[in-house]
Every structure is written in structure tokens, then in C-alpha cells.
Amino acid sequence: MLRAVSLIEEDNGRRVRMGNLAFLGSHSVNGVSALHTQLMRKTVFAELHKIYPERINNKTNGITFRRWLFQANPKLTEMLVESLGEDVLDNAETRLKELEPFAEKSSFRKQMADQRLHSKRALAAIIHERLGIAVNPAAMFDVQVKRIHEYKRQLLNLFHTVALYQAIRAEPGTDWVPRVKIFAGKAAASYHSAKLIIKLTNDIARTVNNDPTVRGLLKVVFMPNYNVSLAESIIPAADLSEQISTAGLEASGTSNMKFGLNGALTIGTLDGANVEMSEQVGLEHMFIFGMSSQQVEARKQAGEFSAHDDVAASGRLNDVLQAIRGGVFSPDDPNRYVGLIDQLLAYDRFLVCADFDSYWAAQAKVEERWHDSKEWWRSAVLNTARMGWFSSDRTIREYAGDIWKALE
Numbered sequence: 001m002l003r004a005v006s007l008i009e010e011d012n013g014r015r016v017r018m019g020n021l022a023f024l025g026s027h028s029v030n031g032v033s034a035l036h037t038q039l040m041r042k043t044v045f046a047e048l049h050k051i052y053p054e055r056i057n058n059k060t061n062g063i064t065f066r067r068w069l070f071q072a073n074p075k076l077t078e079m080l081v082e083s084l085g086e087d088v089l090d091n092a093e094t095r096l097k098e099l100e101p102f103a104e105k106s107s108f109r110k111q112m113a114d115q116r117l118h119s120k121r122a123l124a125a126i127i128h129e130r131l132g133i134a135v136n137p138a139a140m141f142d143v144q145v146k147r148i149h150e151y152k153r154q155l156l157n158l159f160h161t162v163a164l165y166q167a168i169r170a171e172p173g174t175d176w177v178p179r180v181k182i183f184a185g186k187a188a189a190s191y192h193s194a195k196l197i198i199k200l201t202n203d204i205a206r207t208v209n210n211d212p213t214v215r216g217l218l219k220v221v222f223m224p225n226y227n228v229s230l231a232e233s234i235i236p237a238a239d240l241s242e243q244i245s246t247a248g249l250e251a252s253g254t255s256n257m258k259f260g261l262n263g264a265l266t267i268g269t270l271d272g273a274n275v276e277m278s279e280q281v282g283l284e285h286m287f288i289f290g291m292s293s294q295q296v297e298a299r300k301q302a303g304e305f306s307a308h309d310d311v312a313a314s315g316r317l318n319d320v321l322q323a324i325r326g327g328v329f330s331p332d333d334p335n336r337y338v339g340l341i342d343q344l345l346a347y348d349r350f351l352v353c354a355d356f357d358s359y360w361a362a363q364a365k366v367e368e369r370w371h372d373s374k375e376w377w378r379s380a381v382l383n384t385a386r387m388g389w390f391s392s393d394r395t396i397r398e399y400a401g402d403i404w405k406a407l408e
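Numbering (the UniProt record's numbering), first residue to last: 1 to 408.
Heads up, a few of these hints could be off.
To be verified - Each computed DSS-like pair below joins lysine-lysine, with the alpha-carbon atoms no more than 25 Å apart:
#	residue 1	residue 2
1	K374	K97
2	K374	K110
3	K110	K365
4	K374	K75
5	K75	K105
6	K97	K59
7	K300	K50
8	K105	K374
9	K105	K365
10	K97	K75
11	K42	K300
12	K110	K75
13	K110	K97
14	K199	K186
15	K59	K405
By construction, these hints were calculated from the structure, which means they are not laboratory data. Just so we're clear, the structure is a prediction, and the values are computed from it rather than from any experiment.
Let the sequences and hints guide you as you build the complete structure.
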């Protein structure tokens with residue numbers, strides 16, 4: 001235990017353990033989601049937690065409704081004021097729950113769909129203006145916007161995109177749901193793999209968007225220079241929110257909350273604040289897939305990171321990898337992604353391949369729900385209605401009361 005709690009790392013040269021130093025110098029240490037806090041107690045600070053069992057506590061992140069709903073989505077805000085009164089602007093944290101009965105009203109569900117279409121038309125105009133890509137506002141806007149990082153698994157989303165592209169080409173008579181896959185985010189300057197993922201996204205977009213056999217059923221868009229202003233246009237227009245990080249690696253996440261507040265349905269793993277979202281919103285109004293954090297940890301402990309068995313068990317995934325590796329999306333440089341795919345096969349650290357089939361199945365459920373307009377928009381209304389707990393007002397109040405003792 002002494003080695004584990006020491007302020008000095010003795011292996012591979014003596015170094016100060018900044019985490020232990022911060023822990024011992026603080027009267028309170030908190031995680032930013034229930035799962036994150038649990039992992040800190042069991043892994044990162046396991047030995048220190050035994051000595052100071054009361055020190056680690058949870059303060060799940062929140063978002064400011066003033067920006068991410070009232071400012072970003074004036075049409076939805078207008079609906080809330082008309083239905084619940086102007087007081088909702090000052091007390092959304094508690095008042096949003098009163099929206100639940102409106103999910104059963106067809107007129108309100110239609111209003112919800114209409115305001116979404118308004119936001120999608122506005123975003124479609126931005127996409128066309130900036131990128132010259134025409135997208136159908138009536139299509140499902142399937143959105144993943146966040147920092148580009150391997151653990152956030154934009155690659156998993158891209159694999160689904162390629163698999164969907166191949167399926168549409170192979171089965172043109174199927175009743176496919178038209179989709180617009182929207183990506184945005186920035187990569188660290190020296191993060192080669194993340195930059196290669198951005199390049200792959202644009203290569204896939206170029207191929208898919210210019211293939212006449214797809215008949216516009218699938219469009220792929222990477223929006224550069226992602227920032228808060230662009231997020232305020234994207235988030236109200238999203239139908240599906242991609243929160244697909246490897247379970248156990250996302251501390252909390254807040255884009256999941258922003259999308260849910262605006263009525264987007266979430267497809268995601270039980271990671272970070274997705275866990276609490278599933279408890280607040282209801283699993284039946286989300287699309288959960290993939291391994292749990294415990295299953296991920298078990299594979300990590302067993303050293304099971306080779307993807308060869310996962311790929312061998314999935315013909316669909318194998319076809320995707322072969323297409324990318326073989327240069328289908330990079331005819332100007334056929335070997336561009338050989339290293340990326342070979343590295344993934346040898347060491348799939350973030351278990352992209354392991355979760356692919358589960359992700360594909362969850363996406364099929366998304367399409368099924370989309371075809372049932374009543375149930376889709378019922379879920380959308382309930383997502384908005386049940387997001388009150390994720391207000392940053394609640395989070396700050398908990399910090400002020402439990403940690404800063406400023407409310408006493």
C-alpha cells in the first residue's frame with residue numbers, strides 16, 4: 001500500500017505523482033459522473049480511498065440551459081413557454097418535468113417535429129454554404145460532434161457509415177431511412193491517428209456523396225472549425241446523438257446532455273453520464289449497445305486486444321475493413337489506411353471491432369423507431385422533459401453546498 005499511496009513514483013525513474021499530491025492536498029475529491037466516481041474509488045485512487053473513505057464524492061456535470069436551449073433553440077423555447085408558462089425560463093430544472101403529458105398529444109409531437117425541421121433547414125443551409133454539399137432536411141440527422149479521439153470512437157461510426165453504404169448499394173430495393181451523417185471536432189496538433197480519422201471521414205464523404213447508386217439515401221459531412229457557435233446550430237438540428245465511447249473511458253461528457261435537452265435520441269454505451277441519462281430518461285427512449293465498463297476491464301486484464309477474432313466473426317465488419325484498407329475511399333493513395341487498419345487488427349485498444357455488431361444492431365433499432373413517427377417524437381419530447389436534473393444550476397448548487405460549504 002505504501003508504494004501505491006506514495007507521492008513519488010519509483011518505477012522507471014523517480015517522478016512526482018501529481019494525482020496523489022492533489023488528492024492529499026484537497027479536503028474533497030470528486031468525480032463528474034456516477035461511473036467516473038466509482039472508477040476513481042476502485043482504480044485510480046483505490047488505496048487512498050481505503051485511507052480516506054469519505055473524501056471521494058460525486059458531482060455529475062451539468063449544462064447551462066440558458067445557452068444550450070433558450071439561446072440555441074428559440075423555436076423549442078417558444079413551445080415550452082406556450083405550454084408551461086414563462087416561469088419555465090427561470091425554473092427549467094424543475095418545470096421541464098411538466099412537459100411529460102404533452103408527449104401523448106399528437107399536436108405537440110407535430111410541433112416538436114416542425115421545430116426540428118426548421119433547425120435542420122437552417123443547418124442544411126450552413127452545410128451547403130460552407131461545403132457545397134446539399135443535404136435533405138427530411139432525412140435523419142445522425143450527429144457526432146466532439147473532440148476527435150480514438151476512445152470516443154468516431155472510427156466505429158465511420159465503420160457503420162461504410163457498412164450502411166455497402167448495404168444500400170447491395171440492396172437498393174430495401175426501405176432505407178435517409179440519413180445525413182454529420183461529424184465535427186478538432187484533433188490535437190500532434191495526434192496523428194486522430195488527424196487520419198478526419199482524413200478518412202472526408203474520403204468516405206467524397207465517395208459516398210458522389211455515388212449516384214446511393215440516390216441520396218446517405219450523405220456524409222465533416223464540418224471543419226467546430227466551435228460553440230457552430231454547435232448552437234448543429235445541436236438543435238440533431239435527430240440522433242452519437243455517444244459511443246469505450247465504456248469506462250468517458251468521465252462524463254456534456255454533449256450527450258445538450259442533445260438530449262433539445263430532444264435528440266441517444267445511441268450510446270453505458271459510459272460517463274450516459275448511465276445517469278438512462279436512469280433519468282429511461283432506457284426505452286435511448287439505444288444502448290456494447291460492452292459494459294466491467295466487461296471492458298475484464299478484456300483489459302486478460303490482454304485481449306487483438307481484433308482478429310472479432311473481425312472473423314463478422315462478415316459485415318470484414319467487408320468494411322477490406323474496403324478501407326484496399327483503397328476504395330482513397331483511390332489517389334490506395335495504401336493511405338493500411339497502417340490504420342493493420343494497427344487496429346493487431347491492437348484494438350478501444351474495442352471498436354468488439355462492439356461493432358452490437359452497434360449495427362442498435363442502429364437497426366434506430367431505423368425501426370424512425371419509421372414509427374409517433375414513438376420517435378414521443379421519445380423526443382420525453383428526452384427534453386426528463387433532462388432537468390442535468391442543469392448546471394444543480395451541479396453548482398451541489399458544489400456550493402457539499403464541497404465549498406457556501407450555503408451554510
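Verification of the hints:
The straight-line distance between the Cα atoms of K374 and K97 is roughly 20 Å, inside the 25 Å bound, and the hint therefore holds. For the hint pairing K374 with K110, the CA-to-CA distance comes to about 9 Å; that is within 25 Å, so the pair holds. For the hint pairing K110 with K365, the CA-to-CA distance comes to about 22 Å; that is within 25 Å, so the pair holds. A C-alpha spacing of about 20 Å is found between K374 and K75, which places the hinted pair at or below 25 Å, so the restraint holds.
Distance hint between K75 and K105 is fulfilled; the C-alpha atoms sit about 18 Å from each other, no more than 25 Å. Among the hinted pairs, K97 with K59 is consistent with the structure: their alpha-carbon atoms are about 21 Å apart, no more than 25 Å. Distance check on the hinted pair: K300 and K50 sit about 24 Å apart at the alpha-carbon level, within 25 Å; holds. At most 25 Å may separate the alpha-carbon atoms for a hinted pair to count; K105 and K374 meet this at roughly 10 Å.
Between K105 and K365 the CA atoms are separated by roughly 24 Å; this keeps the pair inside 25 Å, and the hint holds. Restraint check for K97 and K75: satisfied, since their Cα atoms lie roughly 19 Å apart, inside the 25 Å limit. Proposed proximity of K42 and K300 is supported: the alpha carbons are some 15 Å apart, at most 25 Å. A distance of roughly 13 Å separates the Cα atoms of K110 and K75; the hinted pair therefore holds under the 25 Å criterion.
In summary, the hint linking K110 to K97 is supported, as the alpha carbons are separated by about 19 Å, within the 25 Å threshold. Straight-line distance between C-alpha atoms of K199 and K186 comes to about 12 Å, which keeps the hinted pair within the 25 Å bound. This hinted pair checks out: K59 and K405 have alpha carbons roughly 14 Å apart, not beyond 25 Å.
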